[in-house]
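Now for the letters of each chain:
2 protein chains.
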Amino acid sequence: MHQPKAEIIAVGTELLLGQIANTNAQWISQQLALYGINIYHHTVVGDNLNRVVGAFSDAHSRSDIIIVTGGLGPTEDDLTREAFQQLSKLDMVEHKPSMDKIELFFREHKVVMTPNNRRQARVFTDSIVLDNKVGMAPGMIVSYDNRKWVFLPGVPREMMSLVTNDVLPYLLQLVGNKAIIKSEVLRFIGIGESILEHEIKDIIHGQSNPTIAPLATDSGVIIRLTARADSSEDAIRLIEESKQEILSKIGNFFYGTEQQTLEQQIVDKLRVSNKRLALAESLTGGMATSKLVSVSGASDVLRGGIVCYDPKVKEGVLGVSSKTIAAFGTVSEECAIEMATNVCLVLDADIGISFTGVAGPNESEGKPVGMVYIAVCTRDGHQQVEEFRFQGDRDTIRNRAVLKGLEILFNLLKS
Amino acid sequence: MHQPKAEIIAVGTELLLGQIANTNAQWISQQLALYGINIYHHTVVGDNLNRVVGAFSDAHSRSDIIIVTGGLGPTEDDLTREAFQQLSKLDMVEHKPSMDKIELFFREHKVVMTPNNRRQARVFTDSIVLDNKVGMAPGMIVSYDNRKWVFLPGVPREMMSLVTNDVLPYLLQLVGNKAIIKSEVLRFIGIGESILEHEIKDIIHGQSNPTIAPLATDSGVIIRLTARADSSEDAIRLIEESKQEILSKIGNFFYGTEQQTLEQQIVDKLRVSNKRLALAESLTGGMATSKLVSVSGASDVLRGGIVCYDPKVKEGVLGVSSKTIAAFGTVSEECAIEMATNVCLVLDADIGISFTGVAGPNESEGKPVGMVYIAVCTRDGHQQVEEFRFQGDRDTIRNRAVLKGLEILFNLLKS
Numbered sequence: 001m002h003q004p005k006a007e008i009i010a011v012g013t014e015l016l017l018g019q020i021a022n023t024n025a026q027w028i029s030q031q032l033a034l035y036g037i038n039i040y041h042h043t044v045v046g047d048n049l050n051r052v053v054g055a056f057s058d059a060h061s062r063s064d065i066i067i068v069t070g071g072l073g074p075t076e077d078d079l080t081r082e083a084f085q086q087l088s089k090l091d092m093v094e095h096k097p098s099m100d101k102i103e104l105f106f107r108e109h110k111v112v113m114t115p116n117n118r119r120q121a122r123v124f125t126d127s128i129v130l131d132n133k134v135g136m137a138p139g140m141i142v143s144y145d146n147r148k149w150v151f152l153p154g155v156p157r158e159m160m161s162l163v164t165n166d167v168l169p170y171l172l173q174l175v176g177n178k179a180i181i182k183s184e185v186l187r188f189i190g191i192g193e194s195i196l197e198h199e200i201k202d203i204i205h206g207q208s209n210p211t212i213a214p215l216a217t218d219s220g221v222i223i224r225l226t227a228r229a230d231s232s233e234d235a236i237r238l239i240e241e242s243k244q245e246i247l248s249k250i251g252n253f254f255y256g257t258e259q260q261t262l263e264q265q266i267v268d269k270l271r272v273s274n275k276r277l278a279l280a281e282s283l284t285g286g287m288a289t290s291k292l293v294s295v296s297g298a299s300d301v302l303r304g305g306i307v308c309y310d311p312k313v314k315e316g317v318l319g320v321s322s323k324t325i326a327a328f329g330t331v332s333e334e335c336a337i338e339m340a341t342n343v344c345l346v347l348d349a350d351i352g353i354s355f356t357g358v359a360g361p362n363e364s365e366g367k368p369v370g371m372v373y374i375a376v377c378t379r380d381g382h383q384q385v386e387e388f389r390f391q392g393d394r395d396t397i398r399n400r401a402v403l404k405g406l407e408i409l410f411n412l413l414k415s
Numbered sequence: 001m002h003q004p005k006a007e008i009i010a011v012g013t014e015l016l017l018g019q020i021a022n023t024n025a026q027w028i029s030q031q032l033a034l035y036g037i038n039i040y041h042h043t044v045v046g047d048n049l050n051r052v053v054g055a056f057s058d059a060h061s062r063s064d065i066i067i068v069t070g071g072l073g074p075t076e077d078d079l080t081r082e083a084f085q086q087l088s089k090l091d092m093v094e095h096k097p098s099m100d101k102i103e104l105f106f107r108e109h110k111v112v113m114t115p116n117n118r119r120q121a122r123v124f125t126d127s128i129v130l131d132n133k134v135g136m137a138p139g140m141i142v143s144y145d146n147r148k149w150v151f152l153p154g155v156p157r158e159m160m161s162l163v164t165n166d167v168l169p170y171l172l173q174l175v176g177n178k179a180i181i182k183s184e185v186l187r188f189i190g191i192g193e194s195i196l197e198h199e200i201k202d203i204i205h206g207q208s209n210p211t212i213a214p215l216a217t218d219s220g221v222i223i224r225l226t227a228r229a230d231s232s233e234d235a236i237r238l239i240e241e242s243k244q245e246i247l248s249k250i251g252n253f254f255y256g257t258e259q260q261t262l263e264q265q266i267v268d269k270l271r272v273s274n275k276r277l278a279l280a281e282s283l284t285g286g287m288a289t290s291k292l293v294s295v296s297g298a299s300d301v302l303r304g305g306i307v308c309y310d311p312k313v314k315e316g317v318l319g320v321s322s323k324t325i326a327a328f329g330t331v332s333e334e335c336a337i338e339m340a341t342n343v344c345l346v347l348d349a350d351i352g353i354s355f356t357g358v359a360g361p362n363e364s365e366g367k368p369v370g371m372v373y374i375a376v377c378t379r380d381g382h383q384q385v386e387e388f389r390f391q392g393d394r395d396t397i398r399n400r401a402v403l404k405g406l407e408i409l410f411n412l413l414k415s
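Protein chains in written order, with UniProt numbering: chain W, 1 to 415; chain Y, 1 to 415.
Keep in mind that the hints are not guaranteed to be accurate.
Quick list of in silico lysine-lysine cross-link-like pairs, DSSO-like style, CA-CA up to 30 Å [what the hints assert, rightly or not]:
| id | chain 1 | residue 1 | chain 2 | residue 2 |
| --- | --- | --- | --- | --- |
| 1 | W | LYS110 | Y | LYS110 |
| 2 | W | LYS312 | Y | LYS275 |
| 3 | W | LYS101 | Y | LYS323 |
| 4 | Y | LYS367 | W | LYS275 |
| 5 | Y | LYS323 | W | LYS404 |
| 6 | Y | LYS89 | W | LYS110 |
| 7 | Y | LYS404 | W | LYS101 |
| 8 | Y | LYS249 | W | LYS101 |
| 9 | W | LYS133 | Y | LYS414 |
| 10 | Y | LYS182 | W | LYS367 |
| 11 | W | LYS269 | W | LYS243 |
| 12 | W | LYS101 | Y | LYS133 |
| 13 | Y | LYS312 | W | LYS110 |
| 14 | Y | LYS201 | W | LYS312 |
| 15 | Y | LYS201 | Y | LYS182 |
| 16 | W | LYS110 | Y | LYS201 |
| 17 | Y | LYS249 | W | LYS323 |
| 18 | W | LYS96 | Y | LYS414 |
| 19 | W | LYS269 | Y | LYS182 |
| 20 | Y | LYS367 | W | LYS312 |
| 21 | Y | LYS404 | W | LYS133 |
| 22 | Y | LYS269 | W | LYS110 |
| 23 | W | LYS110 | Y | LYS182 |
| 24 | W | LYS269 | Y | LYS201 |
| 25 | W | LYS312 | Y | LYS110 |
| 26 | W | LYS404 | W | LYS367 |
| 27 | Y | LYS201 | W | LYS201 |
| 28 | W | LYS367 | Y | LYS275 |
| 29 | W | LYS275 | Y | LYS323 |
| 30 | Y | LYS312 | W | LYS414 |
| 31 | W | LYS312 | Y | LYS249 |
| 32 | Y | LYS269 | W | LYS96 |
| 33 | Y | LYS249 | W | LYS110 |
Derived by calculation from the structure, the hints in this document are not laboratory data.
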């Protein structure tokens, strides 16, 4: 299939009510655009059989590849299969591996399976059944009347997993995509998007292959490099050249590529240097520790953490001196340093990091909302503490504090 | 126009490339839903004349009100007017007030106006021209062949301003809407979407006012009730009646309304009963504590937590007996109970909750990925522990464990 026309149909009344935005269509479009497959329409239609059949029929008349999200679940509102059957007259059968999985789920959760759950295991005969590794309803690819119909669950996590593992490889083979596209994401922390863009302005404007696309995210700024070439080697070389040019300007702020996270890098660097980490968290309340625990293998390097939300816990469990708290308050350089030093001792770690501050909405101990101290202390005597003033609401302040703490840890470990 | 069919068409290739999500359609849908105007389709089409004409023609054949966003700007890619002209054969004229405004803008900004900017001032004869107070291109409402066509710029700020000030008042008058709309969200935990629907199937099918719309979310299932009536009192009464009927069936799983979170409810109930909470987290790594800290005012009832990720921390800081760990492992009922009991003592709390389990990706101590124990112990001797088998990747398992733990806490506190 050369230069096929593709389109995306989302089925779900919740989209027409505006309860959610159609981010599924956006994400799928991004993936396909990267591989040169053109999308010509997005459609949203509600959970109404006639209208879904209508949308499917329109799509069938104009597109070669039709990707449908949603409407595969267990309830009577989930009508995607019925609508496609009405259009195609294809038969459905119960897919035993999917049904086994559904039954297992209910057994393990000790919940009685209601009969409507069987609906999810029905697939069209001769379809390619896509195993849903993070949910219940399987995906399907159906060849019908020279079109390829791809059916995916509407839950974003499930849809993304199926697109990445099954649908994209299938479509790339189908369209015989021979231009090689390679893409790499560079991740930066400690530098804002506008300054980053300013620093590499000449590089961005001086070339078009690879494309250089900066984007601000919740965990720092990323740059996506996308190169096209006739061979994999050429594409990789083009990306590598641009990457080196960019890093020569802003390499100080670089921390990783692709899906690498700051917490992953920290865990890796701790493992290499054979150091154990412990955390003492007040306003962040366990969020920093939880981020590190999200890294598979964190157990090798992470002792644990103490959430000393109550001042009495700071004293009683962490052993922050009552004199320090009386003289400087819990939101102070002095308290932060004692927290970091003591958590090292209490949890038998090599490096301790502490967070104390005012998340809001009200000021505390006469300190303003957003004031945060982060300290890092090591068993061999290194001590550092910094004061920050973060803007935003309670959650934003806590998130920014955690990100800044991870940045400080990373910079310490890479030096 | 009574009970008209409405739809929304977004024009712009950037949407089909996934550079942005169609949040305009979401927002407009929310506004219209609130006033009982039903949207039956969302469509996105790129900046291509034939395809835009095709999308307009489809819409014209099935809807009474068609709202178009985007494609009104100054560049040659902006084809919305041309496409509608091709469909309707209506004439366009230059709208003098709009042209004056555009010229003024360029004079004030001391920029030479390129001729293509005149394109933005063209309007259909006999259309209602909507003054764009935050941008250049005016909006338009065109009556054609018994349909109402509403043309709006794609920039969200401009679109929202026009919808709020001009389009909504126009449409409400058009549909003769005098009805008052009230809506309430009910939140449930511990019951899946399919079982919930099964339980209240008769209620859902037995009535249409209020509408009853269940939706699965990351923090349980919600039901949105939306009632229409001639007076505010009547709408509230209709919602209250449905709510009571629903709660009589599944009230056990109800935890709050509107934006109330489970963690908020837990903090409130702890405050009312004057109890202090402490957490011991292994696989969840501080995530449960952090959720509770996200509630403003948590400091009144939350002592803190210990993230005992390393077995040595379970022993050393929490005082879990080495015999227990040797005999049953850290992923066991016995360890969970000791963690919950001891964290109460160590942090001087009234209630302790613990999480221990295998987040994956690999099994641990011979226990499978997803096996999790959650225990709750109180100072006055209450003890409970449950085993779970959660599905999914590392993050999903951790998230589900935290949600389940909050559910257990809530159920304990409400009883």
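Violated hints - listed by number, lowest first: Checked against the structure, the hints that fail are numbers 1, 3, 5, 6, 9, 10, 12, 13, 14, 17, 18, 19, 20, 23, 24, 25, 27, 31, 32, while the rest are satisfied.
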